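Number of protein chains: 2
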Amino acid sequence: MQQAIAVLDSGVGGLTVASEIMRQLPKEEILYFGDTARAPYGPRTPGEVLMFTRQIIDFLLLYRPKMIVLACNTATAAALAPLQASIAIPVVGVIQPGARAAIKHSRTRSVGVIGTTGTIRSGAYEEALRRIAPDIDVVSLACPSFVPLVEEGRYQSEEAQLAVYEALAPLRGLALDCLILGCTHYPFLRSYIAECMGKSVALINSADETAREISTILYSQHLENRSRIKPRHRFFCSGSHSLFRTIAESWLGIPVPVSRVDMPVIQMVNP
Amino acid sequence: MQQAIAVLDSGVGGLTVASEIMRQLPKEEILYFGDTARAPYGPRTPGEVLMFTRQIIDFLLLYRPKMIVLACNTATAAALAPLQASIAIPVVGVIQPGARAAIKHSRTRSVGVIGTTGTIRSGAYEEALRRIAPDIDVVSLACPSFVPLVEEGRYQSEEAQLAVYEALAPLRGLALDCLILGCTHYPFLRSYIAECMGKSVALINSADETAREISTILYSQHLENRSRIKPRHRFFCSGSHSLFRTIAESWLGIPVPVSRVDMPVIQMVNP
Chain A
0 MQQAIAVLDS GVGGLTVASE IMRQLPKEEI LYFGDTARAP YGPRTPGEVL MFTRQIIDFL
60 LLYRPKMIVL ACNTATAAAL APLQASIAIP VVGVIQPGAR AAIKHSRTRS VGVIGTTGTI
120 RSGAYEEALR RIAPDIDVVS LACPSFVPLV EEGRYQSEEA QLAVYEALAP LRGLALDCLI
180 LGCTHYPFLR SYIAECMGKS VALINSADET AREISTILYS QHLENRSRIK PRHRFFCSGS
240 HSLFRTIAES WLGIPVPVSR VDMPVIQMVN P
Chain B
0 MQQAIAVLDS GVGGLTVASE IMRQLPKEEI LYFGDTARAP YGPRTPGEVL MFTRQIIDFL
60 LLYRPKMIVL ACNTATAAAL APLQASIAIP VVGVIQPGAR AAIKHSRTRS VGVIGTTGTI
120 RSGAYEEALR RIAPDIDVVS LACPSFVPLV EEGRYQSEEA QLAVYEALAP LRGLALDCLI
180 LGCTHYPFLR SYIAECMGKS VALINSADET AREISTILYS QHLENRSRIK PRHRFFCSGS
240 HSLFRTIAES WLGIPVPVSR VDMPVIQMVN P
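Sequences listed follow chains A and B, in order. Numbering-wise, the first sequence is residues 0 to 270 according to numbering that gives the first Met the number 0. Numbering-wise, the second sequence is residues 0 to 270 according to numbering that gives the first Met the number 0.
Since the hints were made in silico from the structure, they are not lab data. Each hint should be verified, as a subset may be incorrect.
Same chains, same names: a pair is fine if it fits in one copy or spans any two.
Once the Cα atoms are required to be at most 30 Å apart in a straight line, the calculated DSS-like pairs of lysine-lysine come out as [what the hints assert, rightly or not]:
| no. | residue 1 | residue 2 |
| --- | --- | --- |
| 1 | K198 | K229 |
| 2 | K103 | K26 |
| 3 | K26 | K229 |
| 4 | K65 | K198 |
| 5 | K103 | K65 |
| 6 | K103 | K229 |
| 7 | K65 | K229 |
Nothing here was measured: the structure is a model prediction, and the numbers come from that model.
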């Protein structure tokens with residue numbers, strides 16, 4: 000099927016999923032939506048995140064994609080189940096692939112998860128992990144300082160390194176054998192996280208793992224793109240597109256023409 | 000769904016898949032069939048392998064499994080497509096999961112595959128890899144000496160180590176960044192293969208990867224076992240069950256009561 004895969008996120012985080020789809024599935028075309036005007040999603044209520052996600056999907060469905068990827072852990076936690084129940088094409092989240100990869104990797108059954116406040120508060124990773132492997136031991140930690148660093152393009156800085164060391168302090172010394180990067184923005188900070196956690200803790204990248212599962216689902220549902228036409232990806236964002244474009248071009252290594260799409264902004268009074 | 004997952008192989012090789020299903024999906028029940036009377040499948044014709052696979056599945060369907068896993072690369076190469084077209088429940092092979100994991104892992108796009116003569120001759124890995132990523136570079140090598148060493152229980156011996164070094168000599172020094180163990184028997188020889196190939200070559204274990212994809216498919220098709228009843232696995236084999244049982248108990252680390260099931264044996268005159 001030549002139709003595109005629609006990928007959406009609160010901002011630039013989902014680009015880590017998009018770049019892995021491009022690398023692991025080079026024949027597939029992507030429609031990307033970064034909701035930069037309303038990022039971060041982490042501190043918002045699940046109802047608000049569900050509403051925002053529905054608004055974006057209503058827009059993306061105009062392009063007739065064959066699959067929707069919630070490339071945002073907060074949106075997956077808040078919206079995956081209701082969207083799967085109401086949309087006819089496959090809707091894939093980023094939590095289950097990370098959970099499955101952690102179960103595959105972990106020998107000690109002791110797994111760490113870091114994510115936004117919304118994701119960690121939802122308990123979605125614990126649920127996904129324990130639903131499959133009830134004996135698994137999960138330590139979760141919210142790292143609310145990470146997403147703004149990435150969205151503002153300050154992810155390669157001494158400030159970012161310090162923020163990572165400070166936030167992850169409670170996890171150091173615990174006997175984890177893997178740590179799930181439970182937010183698609185976190186691979187931007189990967190080198191600092193790896194350095195801080197040490198070599199004995201494998202980092203599970205929900206972006207890589209989601210691209211792998213998209214491949215499985217496309218194959219098992221006969222949705223792969225078999226054409227030889229080179230894919231033409233499209234990018235949309237709801238806020239300032241110049242910073243989005245700078246970050247996207249740096250992360251993806253390709254020119255990224257961006258279209259701006261207005262979305263109804265709800266200002267947070269107490270973020 | 001409380002129904003079992005049916006797993007079949009020419010002999011003990013599929014136990015590497017079964018043990019990974021038990022580890023990664025501890026709530027799922029397994030029906031295992033090892034066709035020990037007719038192993039190895041590697042040197043047989045695709046038509047014969049398809050016939051044997053159909054006979055085993057006809058038997059296993061009596062137990063109403065929810066999914067069939069061809070835990071044998073030779074059987075996957077010969078029989079996956081016709082079986083998927085004729086059976087109503089999901090039929091999962093071991094080649095596509097290994098191919099997808101290699102694409103995910105490989106940064107150099109230079110991938111090695113080892114397997115039986117039947118698997119390598121079929122070109123099934125090249126096809127699975129290039130169908131997704133046309134630019135990938137694949138080096139394939141048949142290792143016909145490996146399966147008999149495992150089926151005869153001689154997989155931990157100096158003889159096995161020597162056989163591994165001898166067979167893999169053509170691959171050493173090539174710039175591969177991963178090597179797919181394209182036969183479910185090969186994880187029994189994993190430590191020798193890893194030692195021979197060196198640390199720069201990651202081994203992709205099609206058994207681990209298949210269990211991971213079974214998890215994805217159960218989830219996406221709402222087939223997971225949600226009950227709390229401890230699974231009771233069942234084991235069948237067509238040939239001598241004492242050696243099968245010894246190897247199975249040693250690999251799985253649990254008691255393995257085996258039932259014998261007769262299958263029509265076709266002797267190979269020129270194996």
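Hint by hint, here is what the structure shows:
For the identical chains of this complex, K198 and K229 are neighbours neither inside a copy (39 Å) nor across copies (36 Å), given an alpha-carbon limit of 30 Å. Both within a single protomer and between protomers do K103 and K26 lie at most 30 Å apart by alpha-carbon distance, with minima of 27 Å and 15 Å respectively. Taking the shortest Cα distances, K26 and K229 sit within 30 Å of each other inside one copy (7 Å), while across copies they are farther apart (43 Å). Taking the shortest Cα distances, K65 and K198 never come within 30 Å of each other, neither inside one copy (39 Å) nor across copies (40 Å).
Taking the closest pair of Cα atoms, K103 and K65 come within 30 Å of each other both inside a single copy (28 Å) and across two copies (22 Å). For a Cα distance limit of 30 Å, the shortest separation of K103 from K229 across copies, 20 Å, qualifies, whereas the shortest one inside one copy, 34 Å, does not. When the C-alpha separation of K65 and K229 is checked against a cutoff of 30 Å, the pair qualifies only within one copy, where the shortest distance is 17 Å, while the shortest distance between copies is 38 Å.
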